[in-house]
Every structure is written in C-alpha cells, then in structure tokens.
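Protein chains in written order, with our numbering: chain Y, 1 to 769; chain L, 1 to 769.
If you are wondering where the hints come from, they were derived from the structure by calculation, not from laboratory data. Glycine is no exception: its CB is placed at the ideal position from the N, C-alpha and C atoms. Take these hints with a grain of salt, some might be off.
Claimed, not checked - Using 25 Å as the maximum straight-line C-alpha spacing, the simulated DSS-like pairs for lysine-lysine come out as follows:
| id | chain 1 | residue 1 | chain 2 | residue 2 |
| --- | --- | --- | --- | --- |
| 1 | Y | Lys237 | Y | Lys178 |
| 2 | Y | Lys588 | L | Lys397 |
| 3 | L | Lys554 | Y | Lys554 |
| 4 | L | Lys390 | L | Lys213 |
| 5 | Y | Lys673 | L | Lys72 |
| 6 | Y | Lys474 | L | Lys554 |
| 7 | L | Lys178 | L | Lys21 |
Stated by the list, open to error - Simulated coverage check for chain Y against chain L, where a stretch passes if three residues somewhere in it have a Cβ under 8 Å from a Cβ of chain L:
| id | region |
| --- | --- |
| 8 | 67-79 |
| 9 | 559-570 |
| 10 | 590-604 |
There are 2 protein chains.
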Amino acid sequence: MNASYIQPQAWSLVEEGFNPKHVKSSESLFSIGNGAMGQRANFEEYYSGPSFQGSYIGGVYYPDKTRVGWWKNGYPEYFAKVLNAPSWIGIHVKVNGQELDLYTAKEVSVFRRELDMQKGLLKRHFEATLSDHTKIRVESCRFLSMDQYALGAIEYKVMVLEGTASLEIKSFLNSGVKNEDSNWDDAFWQTTTLHAQEEKALIEAQTNKTHFKTATYQGTQVFVNTHDRQTPSQTIKEDLEVGHLYECSLKAGEEVVAYKYAGYVLQRKHNKPLQEVAFELVDQAASAGFPALLAAQEKAWKQVWDMADIVIEGDVKAQQGIRFNIFQLNQTYTGKDATLNIGPKGFTGEKYGGSTYWDTEAYCIPFYMATKDQKVARNLLQYRYNQLDKAIENAAKLGFSNGAALYPMVTMNGEECHNEWEITFEEIHRNGAIAFAIFNYYRYTGDYTYIPEMGLEVLIGIARFWHQRATFSKDKNAYVILGVTGPNEYENNVNNNWYTNYLASWCIDYALTQIQKVKDGYPEDYHRIMGVCKLKDPELNKWAKVAQNMYYPKDLTRDIFLQQDGFLDKELTTVRELDKSDRPINQKWSWDRILRSPYIKQADVLQGFYFFEDHFDLASLERHFDFYEPLTVHESSLSPCVHAIQAAKLGRMEQAYQFYLRTSRLDLDDYNKEVEEGLHITSMAGTWMSIVEGFAGLRMREDKLSFEPRIPAQWKAYSFKINFRNRIIKVAVQKDVVRFELNGQTDLSIRVFGERHVLSPSKAYDIKI
Amino acid sequence: MNASYIQPQAWSLVEEGFNPKHVKSSESLFSIGNGAMGQRANFEEYYSGPSFQGSYIGGVYYPDKTRVGWWKNGYPEYFAKVLNAPSWIGIHVKVNGQELDLYTAKEVSVFRRELDMQKGLLKRHFEATLSDHTKIRVESCRFLSMDQYALGAIEYKVMVLEGTASLEIKSFLNSGVKNEDSNWDDAFWQTTTLHAQEEKALIEAQTNKTHFKTATYQGTQVFVNTHDRQTPSQTIKEDLEVGHLYECSLKAGEEVVAYKYAGYVLQRKHNKPLQEVAFELVDQAASAGFPALLAAQEKAWKQVWDMADIVIEGDVKAQQGIRFNIFQLNQTYTGKDATLNIGPKGFTGEKYGGSTYWDTEAYCIPFYMATKDQKVARNLLQYRYNQLDKAIENAAKLGFSNGAALYPMVTMNGEECHNEWEITFEEIHRNGAIAFAIFNYYRYTGDYTYIPEMGLEVLIGIARFWHQRATFSKDKNAYVILGVTGPNEYENNVNNNWYTNYLASWCIDYALTQIQKVKDGYPEDYHRIMGVCKLKDPELNKWAKVAQNMYYPKDLTRDIFLQQDGFLDKELTTVRELDKSDRPINQKWSWDRILRSPYIKQADVLQGFYFFEDHFDLASLERHFDFYEPLTVHESSLSPCVHAIQAAKLGRMEQAYQFYLRTSRLDLDDYNKEVEEGLHITSMAGTWMSIVEGFAGLRMREDKLSFEPRIPAQWKAYSFKINFRNRIIKVAVQKDVVRFELNGQTDLSIRVFGERHVLSPSKAYDIKI
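Chain Y extracted, bound-state conformation:
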C-alpha cells in the first residue's frame, strides 16, 4: 500500500480521515523519540483493530536464542532483540460505560493525526459517536522530551459534543507487553513491583537474562473544564497494570483534560531507588505544567532545526521528505550517550534487532559530524573502541589470532548477533568502514586526538584482520581475499570482491601511516599502544606486503574493476530489460537465481568509488557508473543515496533527483511495502548526503571544504547549514547563484568548483554557478 494518504506539508505529516487500514503504517510514520526512548504512534485509548504496539528504550535488549536451520561453527548463540518495553501511554476512556474504541465506534469523523516535526509533537483529534449516540471530541498531544531524556508528556482532552456523559478515564501503565518478533516465545520482561500512590504509579520490571532494571512511571492530573482538579476514584492494581481511575459527569460543551507525565528510568543510570528518581521527575514536570514542557520541547527542537534543517523551495514533497529524514535521525540518536548507536529501525519497530550496523560508519557519521557538535561523531567512534575487545574475541572465534579484530555485522554490546554464514562470517567489509570512519572523522573535524587516544588500536586490530584474512595466490602472484560477501548482498561467498580488496589494502596502508604519525607526534601514546598490542616492525612489513600486492579483478576491455572474480561470466542484461513482474527480485526470485544474476542490491564497486573518490578520475567514475548502475536494483534502502551523489557529480541532475526522491520518501511513499514494520532510519542519513554531498557537492579537499553546487530542475532553491570545526556555514543554492554565510570568528577558505574563495564572518558571499 502506497502511503500516499500522507499530505505533503513542509513541516508536518498529516493524515486526515480515519482508516483502519492505515493504522499500522501511521504507527510507524508518526513515531516519536528522543534518542533515549521512542514509541510507535499507538493510540492512548483502547483500540481493538490491527495495530503493532511498540515502545522502546535505547540500549535495552534481550539475547534471544538463535534460530537456524543447520548450525554452523562460529554462529553466535543469540540474536539481540530490540525489546518492546512496558507501555506508559494508556489513557482508556469509558463513556456511559462504553469503551472508546475507534475500531468499533458507531461513527468517527474529523479524524486528524499530525506529526509536527518542527516542535516534535504527535497530535491527534477526532470526533466519535458511540452506540448510545453520545458524541465526543478527543484532542491529544504527546511528546518525548528532547530536553529531559527520561520524560514524556501527554495532554488528552475529551469534550462532550452531544448528550451528557458519565466518563471514566483510566490512566495506567502496562507491562503485559510482547515482541511480535521473537524466536522462541520467551518471556522477555519480568515485572517485579507495581506501585501506586497519590496520582503517581510505577512498574518496576527487568529484562530476563540481560537484567536491565527499569521503572516505567507516570503521574496524572485530571481537570474538568480546565480548573476543576479531579481526584482519582480508584487505584488500579492488577498483575501487570497499575494506575488510577477518574470519574466525572459532563454535559454537552464540557470537557475533561488528563495530563500525564511519564517515561522510563533505568537503574544503570542512577544510584538512588528508581521510584524516587521517577517520582521526582513527575513532581518537577507537574509543577512546571504541560505548557512549560511544551515550550521547552519547541525550544529544544528549534535548536536542532537551526543547525540541521534543509530548506527546499518549490518542491513540497522533497521538503517534507528531507525534514522527515532529519527529524527521525534526531529522534533516534542525539549523540549524548556513548553507549547508544543508530539502529536501522530506530525506535519504530523490532525488525533487524541489534542497534549497530556498518550503516553507522558508512552512512550516518557524515550527517552527525555536520549537524552536531563533533563530540557526537566522536562518541560514535568511541562506541567501537569500547567494543574492541569483543571484536578481537569475535575474530578469534573465526580462527584469527594475535589481536586481529572483526567487528560484528550486527551488535548491541559488541558481540555478534547475526547468523547467516554468508553475512556473519563473510560480509567482512564492515571492518573497513569502521577504519574509514576514523579517517573521515579526522578529515572533516581535524581532531587528530582520537587516533592516538583510541583509534589507532582499532586500526591495528583491523589491519591485523585483513593481513590474516588475505591469502597469497601463487597462481596470481598476488594476495587475494577469498570467500566474502560485499555490500551487494546479492552475491555470496565470492572471491576478490574489488571493494573488499581495495578497502582491505587501504586499511592496512592507513594503519601503517597512522602508526608512523603517532610514533612521531605522540610518543607516549605510541609506546603505550605498542605495549598493549605487542606490535613489532616485522609484523608491519608483512602487512605492507599484503597491501602492496593486493589483487584487483579487472576488465581490461571496458577498463573497469570487476565487482568480483568471474563477474563477466554472467549474462549482463540490465535492470531495464527485466519484466516488471520480476521486481523486486528479492521477493520474486529464489536466492540462487538472484545470486547468479548480474543484479546488484546496492552500491558495491561504486561504494568504493564513493569512499575513495579522490583516487579515481571523473572518466573512471563515469565508466564504472555506466557499467554498474544499470545492473543495480536498489533493493537496499542504502542504495539510492550513493548513486544520487555520483549522478550529481557526473552532472546528471535529473537522475540524481530521482534517486533523491527515492531515498527521501522511501517510507513516506512506502516504496518497499513494509512501512508497517517500522522506518528505515540509517538510510535517512543517506538522504541528507544526497543533498549536501550530492547536489551541493560538499567534499573535503586538502583540508578544506569544497563545493560543487547544483540544483535539480524541479527546485527553486535549497539551503542548509553545516558545522565545520566550530564554525557554521550556511549554504543557499539558487538556480544560478550560491550564497555562503559564515558564522564564526575568522575567515574560512573554501573551494567552489575548484576555485578558492575566502568567506568572512557574517558576510554573505555569492558565487555564480
């Protein structure tokens, strides 16, 4: 189902009219989060129709026992599941004894749901006629505070429009939750305490096995006609439910408002009893009041948008798309907590499990570097440094030794959670992306300190892995890398995937360079690291031999690198020639057919050209793009953005624009017919890259920002800001001019289409394009 029911608005997602068929999609699309927790846009009131309930707490997972067909040595014992957490949104309403339930109500009208991205609010209103003809109007507003990570708030109004009504409002917490995606139907949560006092309530629960001790809490205030504060008629305490019941009688025109301050507190963040922490939060929130919290929320989001917004003029769908992407990225990861990372579904669903993929390093870091303080990107790098020991253990399980590190394909705590052999054991290029991110971080921020302090140990572990993973082929008189899966997961267990070989060789070279640089510039760190890693010169020489003598598969006729050995044996018919009924091939074709086809899931050789653009000239990019893109089905959410960037670089703006639309509105337009399961969060950073690196052509060249701004024909103008080494540069691109504005203390030298320009603080600088 194409989610075209979402109205195109620049700052909002708006759904009008109630349609039960849209509920699960909307629950994904209207998800809210604050980096520490998140929720699908489930209704507060009871709903008996099809729905996918989801509340998630960052970093709280369950090691669900692995399910495989045939066990293979080295498989991890468990898969880290993103956990549906106890729910605190419940506000159930009974009207003259009838449960308010949109699925069964006699009539629902003027239903409107809005995700206000500017302010970070989920709003809803509707009118419902119940079976006794009582008609009510409900207005709700809910948000997760970007200001206080543990706090959420709801304002829930019920007005009587026709008839009189005796109302029961039940505000409650519920720990009777399940995961839809569970391997063995284990119970994930154990509820330990339910507590209610005054108008506050709390459920303490902890996850089985992982023992994350959490308190889900709430405080409720109920008013009739604004001022008439109600007291609960009853305290509710059941096995897995606790809360308060309020009862009142209203005439037509009267209303009742419930304010709910709620959220999660985690024991690992506090030394005090959780109840104390939680009820303090409630008291503070209640004493500030809903309007003040709302104002703080607006302010917090304003700060985000001030830096991260991209304004597009003349194309509201594109505008909505990019804002939706930026909004979701900020809801998922704020960079404040170094133990968290960017899960592929964020807080919008359960699928994929784990929280960290190579997506973080390959796709997300540029966005966070440019739109946040550089500490945020550094936190992401440090996350991997903290898990280096586990990466070394992981490599050891696969037979590597001497401190070789293989970072997992999917992880929550550093341990591998994925178990398909062709991915887990063979999609090892992920290791290279982690090294590349270190390079990229330094290239952009100029902050070298990360490398001597932490990064070099990571680079050494990775270089050791590549050195051991390569095999010397007597036949080729070169080093080969056998049995890998590249970024194009539609090929498995191939030999000499060019991207992997190239990246491996680069990783070793880069590690060698950094060892020398640290030796020269940070002798103390150098000695510490050499001691920890037990690294001596002869080993370095062996690495260098591998890097220098790496084999790269080539097609000499076409003058291109081959995706892998044997690629030319395939029947090279393009995607265009495929019948529509065969698409998407991952739903229509058996796996073997996909594997022996030439079709490419996402950028593979071209991913290498994206990372190492400077190593190749434009003509070479063009040859490779023209060979590989027509074979690419883009069935990964991570595919269109890289191609958008490269198409833009090749001056093919119409194609770039099409890729942009596909990446930015992937979920809004539900291209892959799976939005009900949740959103594609990590690819959203790719959308940002499509504009900033693609259309605006942002690059780092010789330690300077460089731009090659272009604009799609469909747009009047677009503008964005980037944070570059503690300066803010605003870039505004129009049809024939680009304007730069610098916010900082000193001049900044940049390049535009190769030419040097010097920006001065607070002065607009226009360049014809």
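With chain Y held as given, fit chain L onto it using these hints.
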C-alpha cells in the same frame, strides 16, 4: 568415544558387561529392521538412564515446519521428519514390587548383548540383583520378521536365581512418544483408539498433517516354567498406554517367559479395519509359536546372505565390518515396496530427515543391482519417475520452465525438504546422479525397457534443467554453470564446478542419444513421450549447443581439471600438514574458514572420475588422485569408498585397504563420534563397492563383466557373489588366484585384467593373478 567395546566376531556384534555410557551407542549399533519398520536396540524393560528411544515405520513422516534464521524465497515450508513411532517393545518387570531397571539395580552382571547378523536376531541376557537382594536372570530375544513385514516377536525370560519373588510382568504398547529432533515441539501423533481384548492390545494413532493411520498391536502369552500358561491379572488402559499385567510367584530356579507378537499395520495398505488385520497377525503368529517364527527368520536371512555375503579370511575386523554393512543395508531396504527408499540413517535414528538423497543413485544402486533381483534397482529408479511431477514443480519454484526437472536434495514424497540455500538451490549435481543411475542400470542389467517406459521422461526433464541452468559467458565464449555446490560441500556457491559441468553436459548428451534410440526402437513410446513432453527438434539443438560448448576449468601446468573456477587461488597445503587439533575441520573451524581452505569433504572431481572412469586414462586418474586426495579430509561417510576404489585401481592396495577399513567400520569404531545418533546407512553400500569394484575391480566393459582382482596384504582370501542378468557368479580371490563359479544355464564371457575368459555353468574357473 571409540566403540571398541564391540567384540570382533565374524557374524555378530557382541557387547559384554553393562556400561551405561555405551547404552546410546549400542542402541544404534544393535538396531534391527526389516525394510518396513525398524527399531533402535532399546531395552524392553524400564530403563531410567540416558537412552535414545526410537521405533520407525518406513514411509511414515511428519512435515515439520521449517526453522530458518532468515527466510529466502524458494525455501520449502517444511522438513520431512523421520518419526519416532509408538513403541511395542515394552515388557516391564516388577520384582517384589521393585521396578527392574538396569540403571538403578544394585548389581548387574554377566550382561551380554548380541546382534546375530546371520539370523537377524537381537539377543540379550544379564543377571540383576535388586535392592532386596533378590537376584534374577533375564534372557531376551527379539527380531523383526524378514518374512512378514508387519510382524515382530520377542521372547523374554525372567528366572529367579536367589530368593523368592512375586513378579509383575507388564506387556504394553505406548504411544506417548516424542522425537528428539523437532523444530517446534509439535505433537506428531494423535492417538485415536486404545483397545484391549483377551491378551491382545492395539493403539490406533495417526500422524498430524500427513494423516498416516497406523495400528500398533501386540499379543502376549506368558508361561511359568514353560508349560503353565498365565492369564492376565489386569488389563491396563491409560491415556497413551494399553496392555496386560501378569502376576506370578517364583522360587529360586523357576522362570517365567513372555512371548510377544507385535508390530505395525498401516491403513494405506489394507481395506479392512486395522484391528482385524492386526489381530489376525497375532493369532497366526501365536499359533505358529515363537520357535517356528524364529526358524522362518533364519531362513529368510539365509536367503539374503546366500546372495549378498562377502567372506573375508584372515581379518575378522574387516569381516565383521562388511557383514555389518550388508546386514544394515538389508534391514533398511529390501526393494519390495516401490514407495520406500534408503534413508541415510535407515531405521536407526532421526537425523537428516527425509528418506531419499542422491546417495541412493550414486552409492546404493550398484549394491542392490548385484545382490538382489534387478526389479529392486528398477523400483528405485521408478521411485524417481513417480516423483517427476514434483521435480518439475520444484524447478518451477526456482524459476525454471518448460518441464525442466530438479530433483530435491532430500525428500519423502518428491517435495524438497532441505533448506539451506547453498544446498537446496545449488547442490544441483544430484540431478545428474539420477540420470547416471538410469545409464548404470541399463549398463549392468541390460534391461532397456525402463528407458522407453519411464526413464526417458526423467532424462528429458533433467536435460531441460541443465540447458536452462547453464549461462553463456561471452567472456569465455562457452557455457558456464554459475552458483553451485558440488559434492564437496566445503565449497558453496562456486562457479563452474567441474564435476557439475561435466555431468550436466553428459546428461544432455545421454538424453539426446536415448531420444534417438527410443525413436528408432520404440516408436510408440517415442510418440507418447514427445506428446507428453512437447519436445521438438529446435529445443534439442539448443541442448546440444550447451553440451558441446561447456566450459571446464583446467590447470594447464598440472594438466588437471580444477574443482571450480579460482581453486588455484587457495593455499594448497595438504591435510597431512594440518594439526591434529584442527580435525575434523567441520567441528573445529568456522564455516568461512572451511570454505576458503583447499580442503575437500568428499570426492568431487574424483566423483566424476568414478562415474566416468572410461572417459579418462589411468595417468589422468593418477594425476587427479594425487592432486585432490591429499586435500581431502573425508569428513563425509561417502568419501572413503570412492577413494578406496580408485586407490585399488592405481594398484595402491595399502591405501585402498585403509580407506576400506574407514568406510566399513565407520560406525563400529565410531570414527565421527556420533554413532549415538544412528548409523550411516547409505555409505554402507560404498563399503560393498570398495570390495567389489575396488579390490575385485568389477566393471562393465562393452556389455561384459570385467574384473581386475587384487587382495589386500592383510587378507588371506575373500569371496562374494553377484547377480548378473539372472546368473549368479561367485568370485573368490586368493593371494595368487581368482576362482570364478557360474550358476546359470549358459556360458558367460567375462574379462579379467582385460583378457577374455568364458565361464561355463557350475564349473570352477581359476585364473592366476
């Protein structure tokens, strides 16, 4: 644990002394079966120690819902599980109120278990002292009738040695059985009726989903001191258990004997109510009496051995090994029922599921052709013909069309049950083995009628598959076969596996030849088949193009075919250089490491040299053997036999002998430390081939039997018989002479070491070797 506790005896397996650690291994090794049903050697009396209970009925399976990590298109929905069936062996004994249980008995002595392979009997005796110091002796004898497929019999004697005893003997049936190997803990059986009358009992149960309606029945007779027939003191009827209880009091020196006639009857074989069928069997058996049934059993096995026995002089372990193999093959498959096949674990365990692998065609058919009436092999071929429609459906699921057939990797009813993509979708060489078996059957039996009647349709479906599965590589200007797994499953998704390519090309050629032959000789069949298959000349031309222009990977320097493209990129260190601690690699190494190693699980290129020996000269075989065998870890039970045959052909008798021992005593000596799970049945046919094709060098050459007899240094002599086109030839090999004896009506011309000899009926013919 090496099962060295089995005493080497020429006709028996004997275990002496009771050791609970041996129980599960012995339950496998002492398994009994009659082709229609089989049992692990579980105790009749109660046993509380570690045990693996198993009773199996040929062809009765459950479609257990598939369990996978990540679903891939084309995977089958279920895996056919071999089902543990209701048990009829139960004879529980209470002595003065104490349950007889060898695991907890105060003392167990003179325990002896014997599998009498000559007569097909499982015998046991022991003495047990119970906690009240009563000492008893038990003697049991059990068999599954080779004469009446639905009948089994037990004689169970209890003697009081010391003290007096009041005994309770409970003879019962039990349908409260489970599979150890179950994906989702489904209930596999539903018990519908329990019935007891006089001394007979019956449980009707049917499998869920597959609805195999079965009756498990028994009749019991109990005598004290031989003559004093007892009547049951009680009828037992519980939820899943039915039977009779007998009570008696014995003094020292007295004994009680229970005779039990029991088994399974299946509704699909009968039009009458199962109870009627079953109780008729009981009545007949009881009226014949145990000694008469025993005599019939001996006679039936004598017929088997008369034809199938191999006698080895001077090496009792080798003798025991080959007899054990021949015995188990005959217990597993008798060839009487065309709906059955040869499961890899026979009736000895649950593992692998399904009943039919390419093992049948590649390894088992020669044994059955040479030791049984040729109808048996024809039944095995017809099994595949009957499943041709399903093979066509299976290919269609993977995107093939126009009647292309892909036989499943594992099946029970023709549907694919396996689901690892690298096997299910890619180990397609199995299709070739099915065509090869047709060729092999005609080559050996001279019975061409199978081809026009049934085989040609199978050959056409297979040829169509290969034609569609090949890809034309412009780069190589030849047809390639991409993305396959060869017999060496330690390589996955390789391109141009030589064995597969060679076999594919041969299959097409063979199909084309047979089409012409049927056209010429069987015009009616020809027209029928062309009509059914809608086959026209242009299609044949396309097939021919693929067969003629197939690509074969080669190493020109070594003048050998390469196992697959890129094989020479590997580090070619031999198995000898591996550290012991790395073996077996399938238990010690992660899958990716196995894949990129050069190590070979079982004959792959050499499997091709085995099938198509005549296509290559001896020097070529030697080159390939010397290149590949040192890289082979023989971690499949199917590996040593092919190598034994080839080593013998190369005159390397010591090596051939070592391979022989490994294949023949694989389970007896528990090489792979897994005998507890059941026996390796299909590889047992390989053991037979090792002697007959290996040492004796039996081949078909120009429509004649040909021999090149050799004898291992360790043996004084060996002899065997083969059934060749309704003649029996006995071959007896001594150190320097081979004697042929022909049982038939007319002379037979054979070749020995290339020289022609004519055998006359009933006359020994000695040839110096």
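Query raised in the report: Honestly, which of those hints from before does the structure not fit?
Result: Nothing - there is no hint that the structure violates, so all of them hold.
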